[in-house]
Amino acid sequence: MLSALLSAAPGPISAPAVSSSPSAVGFGEIPGGDLEIEGLDGRGGFPGLSELKVKVEELRTALKTKTAELQELKGTVLRHDGTLTKMTGKPSSDSAGGLRGTNQTSLEQLIEAKLSEARTEILGGFEKRVETAEGRCEEKVGDVHRQCQREQGERQEQMGDALEESTTILRKELTDVKTQIRGLKSSQSCCGRMAGLVERVQLLETSVAGLNQSQGHLRAELGGHKDHIEGVLEGRLGYVESKLNLTGQSRNESRLDKGEEGQGLETRMEGKLRALEERLLIALEELGNATAPALLEGHTVPTLETELESIRGRLEVDVDRVQRKMSSLKMLCTSSCSSPQNPPDIQRDSSANMSEKRSVKEALDMHDDRLDTLNVTLQHIMRHMTIMDRQKQAEEYPIQGELTILKFNIRSVNHTLRDLQDTLGSVVHQVGQANSSWQEREARLAQQIKGVVQLVGHQASMLGAGERRLTRLKGELQEMKKRLAQAVQGCRSSAIGVQKEVTEVGGRVANVEDQCKV
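Mapped onto the UniProt record's numbering, the consecutive letters of the sequence shown carry residue numbers 1 to 518.
Where hints are given, some of them may not hold.
[To be verified] Within a straight-line C-alpha distance of at most 27 Å, the following computed DSS-like cross-link-like pairs (lysine-lysine) qualify:
#1 Lys482 - Lys55
#2 Lys64 - Lys114
#3 Lys66 - Lys114
#4 Lys53 - Lys66
#5 Lys500 - Lys53
#6 Lys128 - Lys66
#7 Lys53 - Lys474
#8 Lys53 - Lys128
#9 Lys114 - Lys86
#10 Lys128 - Lys481
#11 Lys128 - Lys140
#12 Lys53 - Lys481
#13 Lys128 - Lys114
#14 Lys474 - Lys140
#15 Lys114 - Lys500
#16 Lys74 - Lys500
#17 Lys114 - Lys74
#18 Lys140 - Lys55
#19 Lys140 - Lys53
#20 Lys140 - Lys482
#21 Lys500 - Lys55
#22 Lys500 - Lys66
#23 Lys450 - Lys172
#24 Lys64 - Lys140
#25 Lys55 - Lys128
#26 Lys64 - Lys128
#27 Lys53 - Lys482
#28 Lys64 - Lys500
#29 Lys53 - Lys64
#30 Lys128 - Lys74
#31 Lys128 - Lys500
#32 Lys178 - Lys450
#33 Lys55 - Lys66
#34 Lys74 - Lys86
#35 Lys74 - Lys64
#36 Lys140 - Lys481
#37 Lys55 - Lys481
[Unchecked claim] Label-pair distances were calculated between CB atoms; the ranges are:
#38 Glu467 - Arg358: 44 to 50 Å
#39 Ser355 - Glu476: 55 to 61 Å
#40 Glu157 - Arg472: 16 to 22 Å
If you are wondering where the hints come from, they were derived from the structure by calculation, not from laboratory data. Idealized CB from N, CA, C, for every residue including glycine.
Generate the whole structure from the sequences, applying the supplied hints.
So, in structure tokens, the structure goes:
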């Protein structure tokens, strides 16, 4: 039986079936924690990973040492097997039989002691090391998990505090903005000045109506004065012609007596007649200035009636336009005071109103210039009338009163035009003041809204950066978990290989023990 055992020693010994489940190893499992609640820092994750690697390397070194010891034990067994083979090959005798029995017993005891000691040492040390490594791994994983949860809680608290503080600041700023927007409804705002502007527009309409009425009276008076002056001039011309005819008859009678004196008198009379005709033409031209254009000092004097009609039409159009602009400005101010929640729309409306106000102001300036031109023209007319009055004062006494009345009417028209010019200037000044105050309030409101938008954008960028960092930390933690799982899987595979070798050695030792017992 012993010879059969020794002869079968060098061959491979079948190992018992190894359990497919690695539960006998008892190695640590990594808890599958949720990535959403992992640590947010990512800088100090798994601080004991290097220590765990050192422990795994020590375990691997110990396994290699035990494998070398098993190989040494295997060589010892093979040497004893060869010795037993040599001993069994000698001739049998009684003394040899007794020696063989003693050697066999001592050999069996030695093998059994060695195998028991080796099995106890290998299995006990391996189980202790595996249990120690498993406990340390579980402790490290638990510490890492608790640290991640603690850091996550701290990060969430910090983010919550920052969000609450930002929300409080935003609410305070929005409250201030609302208070300032409500303050725009005061009496000094553009909404409160609409009544004054409407009154100014009504006063302007009244002034324009009075100007139109005075222009109608002036037109009628000028027509009457023109007819009267034409009649007076025709009478004067008839009187002068009759005088000239009488002078011509007397000159023909005394032609023979006074030849040279008659020629000189004729020359003088022709000169006087031409001068009188020139004066009459100048007077007619000056009086006809109300119905026909003429050139005065390089400027074209427009027809008074057509100019007044055109000014009246333009003033009516401008008044209608100003009324429309005022109504639109009133609606804009009402909408801005009631619901200031669309800064871009307010800015667009304000820019449109600004352009319209500029156009109205330019139109008013143009009408002001035209009124100045008309004023200058009327002053020229008055000056020429004064000159004509002085020239014909000696021979046209009935016309002096009419000219005085005409000058008085022209002066009244000039005074009315100046009043209208002053009124238009005051309206332009008030519109400019309202426009400047509205621009200042609009600029302040736009600046405040811009600051709120920038603050909200900064908070959104901070939140986006926090989310991106959280995603990056999640990816790093998942990658670290994969690496740790791979390392644990390698340790597990190494432990399974060692377990297989130990099981194989145990099976062979058990087989040898069974054969020795038999």
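Right, here's what the structure says about each hint:
The suggested pairing of Lys482 with Lys55 holds, with an alpha-carbon distance near 19 Å, which does not exceed 27 Å. Between Lys64 and Lys114 the alpha-carbon distance is near 19 Å, which keeps this suggested pair within the 27 Å criterion. Restraint check: the Cα-Cα separation between Lys66 and Lys114 comes to about 14 Å, which is no more than 27 Å; the hinted pair holds. The hinted pair formed by Lys53 and Lys66 meets the criterion: a straight-line CA distance of about 20 Å does not exceed 27 Å.
For the suggested pair Lys500 and Lys53, the alpha carbons sit about 23 Å apart, so the restraint of at most 27 Å is met. Under the criterion of a C-alpha separation no larger than 27 Å, the hint pairing Lys128 with Lys66 is consistent with the structure, at around 14 Å. Taken as a hint, the Lys53 and Lys474 pair is honoured in the structure, with Cα atoms around 23 Å apart against an allowance of 27 Å. Taking the CA atoms of Lys53 and Lys128, the gap is about 18 Å. The hint holds against a cut of 27 Å.
Among the hinted pairs, Lys114 with Lys86 is consistent with the structure: their alpha-carbon atoms are about 22 Å apart, no more than 27 Å. Note on Lys128 and Lys481: the hinted pairing holds, with a Cα-Cα distance of about 26 Å set against a maximum of 27 Å. A hinted pair counts as satisfied when its Cα atoms are at most 27 Å apart, and Lys128 with Lys140 qualifies at roughly 18 Å. Among the hinted pairs, Lys53 with Lys481 is consistent with the structure: their alpha-carbon atoms are about 15 Å apart, no more than 27 Å.
For a cut-off of 27 Å, the pair hint linking Lys128 to Lys114 stands: about 21 Å separates their Cα positions. Straight-line distance between C-alpha atoms of Lys474 and Lys140 comes to about 19 Å, which keeps the hinted pair within the 27 Å bound. For the suggested pair Lys114 and Lys500, the alpha carbons sit about 20 Å apart, so the restraint of at most 27 Å is met. Restraint check for Lys74 and Lys500: the C-alpha separation of about 16 Å stays at or below 27 Å, so the hint holds.
With a CA separation close to 11 Å, the supplied pair Lys114 and Lys74 stays within the 27 Å bound. The hinted pair formed by Lys140 and Lys55 meets the criterion: a straight-line CA distance of about 13 Å does not exceed 27 Å. A distance of roughly 12 Å separates the Cα atoms of Lys140 and Lys53; the hinted pair therefore holds under the 27 Å criterion. Annotation: proposed proximity of Lys140 to Lys482 holds, straight-line Cα distance about 16 Å (limit 27 Å).
Note on Lys500 and Lys55: the hinted pairing holds, with a Cα-Cα distance of about 21 Å set against a maximum of 27 Å. This hinted pair checks out: Lys500 and Lys66 have alpha carbons roughly 13 Å apart, not beyond 27 Å. The suggested pairing of Lys450 with Lys172 holds, with an alpha-carbon distance near 16 Å, which does not exceed 27 Å. Restraint check for Lys64 and Lys140: satisfied, since their Cα atoms lie roughly 26 Å apart, inside the 27 Å limit.
Between Lys55 and Lys128, the direct Cα distance comes to roughly 13 Å. Compliance with the 27 Å bound is thereby established for this hinted pair. Restraint check for Lys64 and Lys128: satisfied, since their Cα atoms lie roughly 16 Å apart, inside the 27 Å limit. Restraint check for Lys53 and Lys482: satisfied, since their Cα atoms lie roughly 15 Å apart, inside the 27 Å limit. For the proposed pair Lys64 and Lys500, the alpha carbon gap of about 14 Å is at most 27 Å, so the pair holds.
About 16 Å separates the Cα atoms of Lys53 and Lys64, which keeps this hinted pair within 27 Å; it holds. Distance hint between Lys128 and Lys74 is fulfilled; the C-alpha atoms sit about 24 Å from each other, no more than 27 Å. Taking the CA atoms of Lys128 and Lys500, the gap is about 17 Å. The hint holds against a cut of 27 Å. Under the criterion of a C-alpha separation no larger than 27 Å, the hint pairing Lys178 with Lys450 is consistent with the structure, at around 14 Å.
Under the criterion of a C-alpha separation no larger than 27 Å, the hint pairing Lys55 with Lys66 is consistent with the structure, at around 16 Å. The straight-line distance between the Cα atoms of Lys74 and Lys86 is roughly 18 Å, inside the 27 Å bound, and the hint therefore holds. Simply put, Lys74 and Lys64 have alpha-carbon atoms about 15 Å apart, close enough for the 27 Å limit, and the pair holds. With a C-alpha separation of about 13 Å, the suggested pair Lys140 and Lys481 falls inside the 27 Å cut-off, and the hint holds.
For the proposed pair Lys55 and Lys481, the alpha carbon gap of about 18 Å is at most 27 Å, so the pair holds. Checking the proposed 44 to 50 Å range against Glu467 and Arg358 shows it holds: the Cβ atoms sit about 49 Å from each other. Hint check: Ser355 to Glu476, Cβ distance near 58 Å, so the stated range 55 to 61 Å holds. Here the CB-CB span from Glu157 to Arg472 is close to 21 Å, well matched to the stated 16 to 22 Å.
Consistency with the previously given hints is maintained throughout, with no hint failing.
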